[in-house]
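Protein chains in written order, with numbering that gives the first Met the number 0: chain A, 0 to 480; chain B, 0 to 480.
Hint data in this document are derived by calculation from the structure and do not stem from the laboratory. A couple of the hints might just be wrong.
You can't tell identical chains apart in this list, so a pair holds if it fits in one copy or across any two.
[Stated by the list, open to error] Lysine to aspartate or glutamate pairs mimicking DMTMM-like chemistry, simulated, CA-CA at most 20 Å apart: (1) K125 <-> D107; (2) K399 <-> E307; (3) K103 <-> E148; (4) K65 <-> E322.
Protein chains: 2
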Amino acid sequence: MAEKRTEEKKAVLPAKSNFSEWYNELLQIAEIMDVRYPVKGLYVWFPFGFDVRKRTYAIIRELLDKDHKEALFPLLIPETEFMKEAEHIKGFENEVYWVTHGGKNELDVKLALRPTSETAIYPMYKVWVRSHADLPIKIYQIVNTFRYETKHTRPLIRLREITSFKEAHTVHATWDEAAEQVKEATRIYQEFYRRLAIPTIVSKRPEWDKFPGADYTMAVDTLMPDGKTLQIGTAHHLGNNFAKTFDIKYEDLKGEQQYAQQTCYGISERSIAALISIHGDDKGLVFPPEVAPIQLVVIPILFGKSDEITGACRDVADRLKAEGIRVELDESDERPGAKYYRWEMKGVPLRVEIGPRDLKNNAATIVRRDSGSKETVPLDNIVEEVKKRFEDIRKSMFEKAQRQLKERIFNCNTLDDVKNKIPDGIARIPWCGGRECGLAMEEAVGAGILGIPEGESGRGNGVCPMCNKETGNMAIMAKTY
Amino acid sequence: MAEKRTEEKKAVLPAKSNFSEWYNELLQIAEIMDVRYPVKGLYVWFPFGFDVRKRTYAIIRELLDKDHKEALFPLLIPETEFMKEAEHIKGFENEVYWVTHGGKNELDVKLALRPTSETAIYPMYKVWVRSHADLPIKIYQIVNTFRYETKHTRPLIRLREITSFKEAHTVHATWDEAAEQVKEATRIYQEFYRRLAIPTIVSKRPEWDKFPGADYTMAVDTLMPDGKTLQIGTAHHLGNNFAKTFDIKYEDLKGEQQYAQQTCYGISERSIAALISIHGDDKGLVFPPEVAPIQLVVIPILFGKSDEITGACRDVADRLKAEGIRVELDESDERPGAKYYRWEMKGVPLRVEIGPRDLKNNAATIVRRDSGSKETVPLDNIVEEVKKRFEDIRKSMFEKAQRQLKERIFNCNTLDDVKNKIPDGIARIPWCGGRECGLAMEEAVGAGILGIPEGESGRGNGVCPMCNKETGNMAIMAKTY
Chain A
0 MAEKRTEEKK AVLPAKSNFS EWYNELLQIA EIMDVRYPVK GLYVWFPFGF DVRKRTYAII
60 RELLDKDHKE ALFPLLIPET EFMKEAEHIK GFENEVYWVT HGGKNELDVK LALRPTSETA
120 IYPMYKVWVR SHADLPIKIY QIVNTFRYET KHTRPLIRLR EITSFKEAHT VHATWDEAAE
180 QVKEATRIYQ EFYRRLAIPT IVSKRPEWDK FPGADYTMAV DTLMPDGKTL QIGTAHHLGN
240 NFAKTFDIKY EDLKGEQQYA QQTCYGISER SIAALISIHG DDKGLVFPPE VAPIQLVVIP
300 ILFGKSDEIT GACRDVADRL KAEGIRVELD ESDERPGAKY YRWEMKGVPL RVEIGPRDLK
360 NNAATIVRRD SGSKETVPLD NIVEEVKKRF EDIRKSMFEK AQRQLKERIF NCNTLDDVKN
420 KIPDGIARIP WCGGRECGLA MEEAVGAGIL GIPEGESGRG NGVCPMCNKE TGNMAIMAKT
480 Y
Chain B
0 MAEKRTEEKK AVLPAKSNFS EWYNELLQIA EIMDVRYPVK GLYVWFPFGF DVRKRTYAII
60 RELLDKDHKE ALFPLLIPET EFMKEAEHIK GFENEVYWVT HGGKNELDVK LALRPTSETA
120 IYPMYKVWVR SHADLPIKIY QIVNTFRYET KHTRPLIRLR EITSFKEAHT VHATWDEAAE
180 QVKEATRIYQ EFYRRLAIPT IVSKRPEWDK FPGADYTMAV DTLMPDGKTL QIGTAHHLGN
240 NFAKTFDIKY EDLKGEQQYA QQTCYGISER SIAALISIHG DDKGLVFPPE VAPIQLVVIP
300 ILFGKSDEIT GACRDVADRL KAEGIRVELD ESDERPGAKY YRWEMKGVPL RVEIGPRDLK
360 NNAATIVRRD SGSKETVPLD NIVEEVKKRF EDIRKSMFEK AQRQLKERIF NCNTLDDVKN
420 KIPDGIARIP WCGGRECGLA MEEAVGAGIL GIPEGESGRG NGVCPMCNKE TGNMAIMAKT
480 Y
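Take the sequences, apply the hints, and build the full model.
Structural data, given as structure tokens:
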């Protein structure tokens, strides 16, 4: 049904160079999200888009399930709990949806739709945590959360209902253990994004940009095609700030009561926004095989009718399916060109064509979606050839994306430099690390400091452009979503 | 962590004969739900309970994915859409939570938290359905829904946040096709419940008890240990009632515009309430192997230290794990009795013990959770013996539950009969099918008519107790949750 509709409209995908329009149209034409739901900032996951989401979130579950447990806490948070943590309230009070009525009755206590779940989960942690032997606790949930966004909304990126918030909340005995967990979280997130062939930069957010109520925030960013960065994961060291507010204490080995140390870290459907934006091209979606709803399409190249070719295509499709590969056999009456168009739009990683000449040579033609490369392979080895290419695709998609990211990180020495480069990507510039200098830099450039990145790229030698002090710290600056 | 806590409290499970207390305590002690969340009718899924939920819903997904597609629609429904269908509003207006504020602003249009998603989904179906070739559409989602319950709430049964509502919404060209789909839905639900070893009764709800806005409602009920029935699934034929309201039309083969015919059908976490209530016993949970988070526990029976026995236990655990069986090896320092207690509480289907005598005979003792039966099996065949027992357990759990259900369906001829029998289960009585007689019967007995069941048990010969007319219809009556 869906294909038909798309074709009726003869929707044309704008070029990717026109990123914003390309993005919006692609989501609709390729049936990821329907943007026609009658409330601003709320969108519908088409079945095809939901399939991508399911496979993407299966990866994060796989990675977390090694030492986290999945649970589920309520959506509704009573105002009395929500209002306990002062910093936290300040950070969210303008964004919270409030339920005030049940049926025709006004509620005694207003209920917040969780914008994030600290205040729903930590009253339970208060009763769950008793002794050092209860620690660490590592729990996550995947839920819908809500933000009353007043800015321009955008599917998967800036939403009023975040439908796919994966939030983990851990409790530890010591501050250092919690800090280790924050590191572990960013490590897991980087692994997750590698599986999606998405390169990332991890940096410590400046003091003024941390999570409300946290000691510090580590963030995972990636670069979008339009030169703006997208925050696609965060991990917060909460210290004992929430533990004090929610009275989460444990008895230590000496029998003394101690406040617990906590972390939380989250990922949302922005992961899918990045997946689509970074890999897609003028023809539509491009998926790494692991998350592609359809991994391979088989297309018979017929001149008139040919039972032989049809038979060979079915046989290939069956053999690949038997290996667990998600195969579509397109035997429809359309011209091959129309079929190419459709399956390229859907991001199918491999296309297998069998025509008369292929069949004569007992071969098939394999076309890669990511590179467009075309090769002839023996039919007898088709399963191995396909599997090999799946691995190649993931690797070369990641390498390509990584190259593109690197090319768009510019080393700068002056704020004018930064201003010139920032429309194209990320600027790297010395920064003393001071709050005043940082805020002044942001002001001067009209862009944000993402932070000082982990590893090599956060170190260097230079002079802070504001205070002129020598520094070994390099900050990165960018326009952000 | 969790085990420890439970033991500290030395929580004691009431006898199952005291059903209501047994149920509430079991959910907490066995760590299915935490009932201490600070809002009435909202509960927390412990990781263990969530695991049961995950496996249970994997079954319904497996069954539906054969010819449905999973999608996801927004939680928030604008008042303007929600208020379009008059019958539907009447059915839900006292139960709907309303979001009236975003941040500090009052919203222009109030937003309902979906109590069910017809009014969220059908505005989209209006734009998705164009031609007969678009039909049928079969989509489902698994989401949280909300009801402002004013009655006594109860975890998994009567909730303010239904966290696990699986709702399917289909669109068809003809009324008959939709009716077929309703049949298919109840068939799928019965299969689902067979996998959970839960016997069901399918009946057509009386006119006055159908879904608001439906042509008719088929319901799937089961009998709870306290003699009340629990509705654990419904399927509604919506006719073209909603199609007219939401303007869902398709062009038929003759090029004419026709209103579509629709169905919807749902299942919630009541499925897990039934699973727990029907199979559990005085010792705690009893699970069919398919949904048990832990399928088998291996317990070394040691008198002092024995590397040989520990080694044999580890070997058995490894061999079973290699087969994909979810195994726990309990090498803790506790006495075997304490271990039995814990794993019985958690519903682990099989316990494997290896003690000195077993080892001498190259054997192991296998204890079934459902029947308590104890057998010695050769260690060499342990994998096959375990697999065989898993299948036996599911079968005999279902047979036992079916027997218990049958024993508690009572054939009655008079309303006095019904009144006497209904505290123990379900009463079967002739009913002419008329509305007036039906309502009078309900009034006289103080219990509901579930409807006329499908198949044999809905047919018979008798006289309607109200109008004294002869009838071939047999209705079932029960106290309901």
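Requested in this report: Up to 20 Å between alpha-carbons, please classify K399 paired with E307: within, between, both or neither.
Outcome: Neither. Shortest intra-copy (39 Å) and inter-copy (55 Å) distances fail the 20 Å Cα cut-off.
Query raised in the report: Is it within a copy, between copies, both, or neither that the alpha carbon of K65 lies no farther than 20 Å from that of E322?
Result: between (26 Å within a copy, 19 Å between copies)
Query raised in the report: Is it within, between, both, or neither for K125 and D107, if the alpha carbons may be no more than 20 Å apart?
Result: neither (24 Å within a copy, 38 Å between copies)
Report task. Please work out whether the CA atoms of K103 and E148 approach to 20 Å or closer within one copy, between two copies, in both situations, or in neither? Result -> between (27 Å within a copy, 12 Å between copies)
The structure shown violates the earlier hints numbered 1 and 2.
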